[in-house]
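Student: One letter stands for each residue in the lines below.
Number of protein chains: 2
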Amino acid sequence: MSKDIDGRRRVVIEGVKPQINGGQFAIKRAVGESVVVKANVFGDGHDLVRAEVLYRRRSEDDWTVREMQHVVNDEWTARFEVDSVGEYVYTVRAWIDHFATWQSDLGKRHEAGQDVRVPLKIGAEMLRDAARCAEPADAAKLNAWAETLEAAQDVEVAVELARSKELTDVAGEYPDRSLATMYEPELRIRVDRPRAVFSAWYEFFPRSFGADGRHGTFRDCERMLAEIAGMGFDVVYLPPIHPIGQVNRKGKNNATVCTPTDPGSPWAIGSAEGGHKAIDPLLGSMDDFQRFVEKAKGHGLEVAMDVAFQCAPDHPYIQAHPEWFRWRPDGTVQFAENPPKKYEDILPLNFESKQWQALWEELHSVVQFWIDQGIRMFRVDNPHTKPLAFWQWLIEGIRKDHPDVLFLAEAFTRPKVMQYLAKAGFNQSYTYFTWRNSKWELEQYIRDLTQTEVGEYLRPNFWPNTPDILPQYLQCGGRAAFIVRLVLAATLSASYGIYGPAFELCVSEAIEGREEYFNSEKYEIKQWDWNQPGNIRAVIERVNRIRRQNPALQTIRNIQLYGIDNESLLCYGKSTEDQSNVIVTVVNLDPHHRQSGWIQLPLDAFQIDPRQTYLMDDLLTGDKFIWQGQSNYVELDPRVMPAHILCMRKRLRRETDFDYFM
Amino acid sequence: MSKDIDGRRRVVIEGVKPQINGGQFAIKRAVGESVVVKANVFGDGHDLVRAEVLYRRRSEDDWTVREMQHVVNDEWTARFEVDSVGEYVYTVRAWIDHFATWQSDLGKRHEAGQDVRVPLKIGAEMLRDAARCAEPADAAKLNAWAETLEAAQDVEVAVELARSKELTDVAGEYPDRSLATMYEPELRIRVDRPRAVFSAWYEFFPRSFGADGRHGTFRDCERMLAEIAGMGFDVVYLPPIHPIGQVNRKGKNNATVCTPTDPGSPWAIGSAEGGHKAIDPLLGSMDDFQRFVEKAKGHGLEVAMDVAFQCAPDHPYIQAHPEWFRWRPDGTVQFAENPPKKYEDILPLNFESKQWQALWEELHSVVQFWIDQGIRMFRVDNPHTKPLAFWQWLIEGIRKDHPDVLFLAEAFTRPKVMQYLAKAGFNQSYTYFTWRNSKWELEQYIRDLTQTEVGEYLRPNFWPNTPDILPQYLQCGGRAAFIVRLVLAATLSASYGIYGPAFELCVSEAIEGREEYFNSEKYEIKQWDWNQPGNIRAVIERVNRIRRQNPALQTIRNIQLYGIDNESLLCYGKSTEDQSNVIVTVVNLDPHHRQSGWIQLPLDAFQIDPRQTYLMDDLLTGDKFIWQGQSNYVELDPRVMPAHILCMRKRLRRETDFDYFM
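Just so you know, the protein sequences line up as chains W and L, in that order.
So in our numbering, the last spot in the first sequence is 662, and the numbers never skip.
So in our numbering, the last spot in the second sequence is 662, and the numbers never skip.
Source of the hints: derived by calculation from the structure; they are not laboratory data.
Some hints could be false.
Identical copies look the same in the list; a pair holds intra-copy or inter-copy alike.
Derived lysine-lysine pairs resembling DSS-like cross-links, with alpha carbons at most 27 Å apart [stated by the list, open to error]: (1) Lys400 with Lys297; (2) Lys354 with Lys121; (3) Lys416 with Lys341; (4) Lys108 with Lys252; (5) Lys121 with Lys341; (6) Lys526 with Lys252.
All values derive from a computational prediction rather than experimental measurement.
Turn these sequences into a full structure, and let the hints steer you where they fit.
Tutor: See the structure below:
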């Protein structure tokens, strides 16, 4: 018989959730969020069991304990909150509750008219055992009760005492856990700062903001910060700011030949002027960059860096570390390809290199370098084209010293790979939102993200556009389409981002037959007129203000889909746990036509009497609607405003009200 | 960086199924059954991956390999068969398939009109690498091909060669697995002999078969064996055969007082005459028992013993091992209770005893004792009232030396406990079938048992009745009800059992308001008249013969539910994998009224042209029906026969047939 088992531990704990890949990966939470733990807990026979969730900061020794409640069918649950950045662990402990079993059996015996004097004696022994480990005051109580039970002068009184709340509470404080079962392995929680969950990103190319068409610099961009902050964003994300390769530089519209004035793609990183730790001199100096980051902070903006682990053909790595690249029989380095597509300006790193360890360490040093410059957010370009184990190692390593650093995975690839990147540690993830337009697509996708295990580890960041992607919907739907996608991104997800100013100026010209920008900013310097007529900056500003003022919108975990009898109208709600803030959003997905329909709201959940009226305050337009009952009419004209963001104001009862309940 | 990882292993394997509790428990199969393994397999980037299932007998070193196929969405699958009793392990191995990636890319490049001379050289290198580990004949081929590709005198020819089937097949034989990922942990399969899956049990009380109302003996029962075998059963299960306690012996109908002639419950085990290793002298000697077991074998019958780990108050253990019992303050041993119910004739063992190890060892020795007497099947009484860890230890220990031993769990308790007992090792399990009467209940239960993970480890054994349970349905439905439950048990499940002769004689008298037999055989000696009018022995014989002659009925894993437009009619089918044996069963669940309806059959699955007729041969009655199309009429009169067991006979095409396809 194995010595490490104690056969007297009679309780089984299994099916503990949340649990990712058998505990291999952590679930994710932000400070202040809660974890709902579920487990199957049962013992043999008819004895009652008691179960509790244990959790602690990984660095600490002492567990905090939360009593679990039985739900149904041997399924137990408890909830706790995490309150600081870093790593937590949790597990479940459970044991046969002999005292509660005895209490329950005593009641049944007594009610059946059986002689309970011996059972009362057994209970007295249990109370004395509890007294031995109790605080002095409690011990005295427990011993006194034991005496009463044992004497059993009046059986009726003794049974009543045995089942009394006070005795139950005091005895319950000192359970005998000596034969408790402890679930293994301990499960992990990665706790992030709140911005991991709630953030609004603004991406722009600094080089397009020079005066008079010159190549923009960080100094030039300082004036942008007030504008971006004014629109309500909190993260400024810059495409790579490193020197751009000269060799095989791409021209306008991804042309394989460039002119001397073409700036090249910022993702073709590295030249004689430096690599991943250098700054493109055309943008300024390291000092300029740091000043820009500081100025941003002053506006409440955090700067997110791009991490693109790939090299232009003239990146210093190629000379210094030829072993990190794939060399072809003709003596050239293999450039990036997805045949028949070619990316001649970009050389992928060879992660199957025999020197892979040195490569990993170097890439780690790149991230560490920018952390040392004050950066705490990284948007990682195409992480799915580098080994998944590398990201796990990198992110875990960085977080050991810098648990406040956040990584956003820019992976548009197959579902299981996207999910695995999130499991491996990415704090936020790009999503398929960009191509989910119709009602059933959006509803199904929201369910996938929030009502499955995926919600435990993948935090979506919704982008209506990126420099690489101008979706068909935005190409065809005019200004209303941009507002539709803005409202969806900003109210479905708690984190979202736009690539601007192309977005707020409703730029919709694509390469024929593709979902790519014509004259893409990736390959040229643009001059944007932010005040161009038809821009939607005011709407963006309003939407971001609504997000900030309404805590219900600051998480995706609370989203509920509501029925509405029109396939062009999508309706969903978010509420704080205490229902003090309830937001109902209705979006007309048809950017061309007025659409109307009847919404079905779950009034029970809102604790609204179906006979009472309530006010729906449209935070987007200022319109106010008096609604009553679960079914109410909405009508949205895309030429006016294609969405409602309705804040529910429950009617206050006044003395003078007719009382429906009398 | 951890030294035990190789960062160049770029493939992830996750979600490997079947997998019970993260690999803690084995899945179950019988010899000749197959295992379908599924896994999520993917790497970074666009490279193709290759995946294979590895399996072996646990005692052997060498893996057998089965190539996996990609299904959809990075989900891969492979199937293999297990062919001997014992333990197997399996896992998944996968790697980036550089050769296939190169082939695929080469095709795309060539089709796009790109220069492929350098890619052809790269491919030539790969072929030479493969040649280095190839059989001489293959090596010669590979090197010759490499030369052709490298020379590339005619690019068109070279590309065609590179993508040819022969080259693909030969190169595919020598993959480079040096950077393969191996899934951990290895997952286990417990492989049983076929009777674990397909068995028909007959339970009876030997003491009721004495001549002229005397207490029956094993010698008396020898004449029963031909009858039981004649009815088509293959397992004879006997209630406990040990000395029955004298102290607190129960009388007729579970009375707390007995008369001197009352035989007591066989489950009140142990008296001065011995305990769990002794035989009740009233039944005979150990020699008589062994002779009975041998005689049974001669009839093709296997004897299953009852294992009931509990003691009558006069069991020798109480004196010899007082530490294995729970003593009450009044100096008595705690008897079994489920308050307010009392079982005064039974003392439970105290598994929380400090001497639990000695107790476990003793109980192990009981099972071993009967194995030494030639027993290989045990029906375990109330396993859910003993620690789950104990069963796991016991069954694993026994199987180490006796992998052919089978345990049936007689647990009627909560779902998760029933499931855990099966996970812990029980080869078969009693089920809720006994109380599933209506169509939706039966359909839902069959889905739970066969379309969920439960099917991987829990093998149902359906019992329409037991000495403890006379379900309401059998109390009220007359003879037809017994036939309905027989057909359901025997054709839904591959293992089933009856408690006879009460079943075949359609005994339906219950204690008022309960589902227990009136004058239960548990507490008295019965005299059965097997030829009583109205008995269903002929039907039982026919059903068991149908089960033996139709391999489709010898597993539950293949069951399919079919639609039928009448809530009183249940329809389901079972087929062998090659469709050579197709059985469609229709049961009228209403034992009182004739019911009719239209069945919907999936003709596609049967490869039957919807315009052709086919024959349905009712194996129960000999009736034959010509059907055509997916929708056909059935009508079942419970006064005649409440079920069809239809064998599908596809129509043979003859030269003279009008050909529908011309």
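Student: State for each hint whether it applies.
Tutor: Here is what the structure says about each hint:
1. Lys400 with Lys297: within (24 Å within a copy, 67 Å between copies)
2. Lys354 with Lys121: between (74 Å within a copy, 22 Å between copies)
3. Lys416 with Lys341: For Lys416 and Lys341, only the intra-copy Cα distance (24 Å) is at most 27 Å; the inter-copy one is 54 Å.
4. Lys108 with Lys252: between (85 Å within a copy, 26 Å between copies)
5. Lys121 with Lys341: Intra 84 Å, inter 20 Å, cutoff 27 Å: inter-copy only.
6. Lys526 with Lys252: within (11 Å within a copy, 98 Å between copies)
In the structure shown, no violation is registered for any of the earlier numbered hints.
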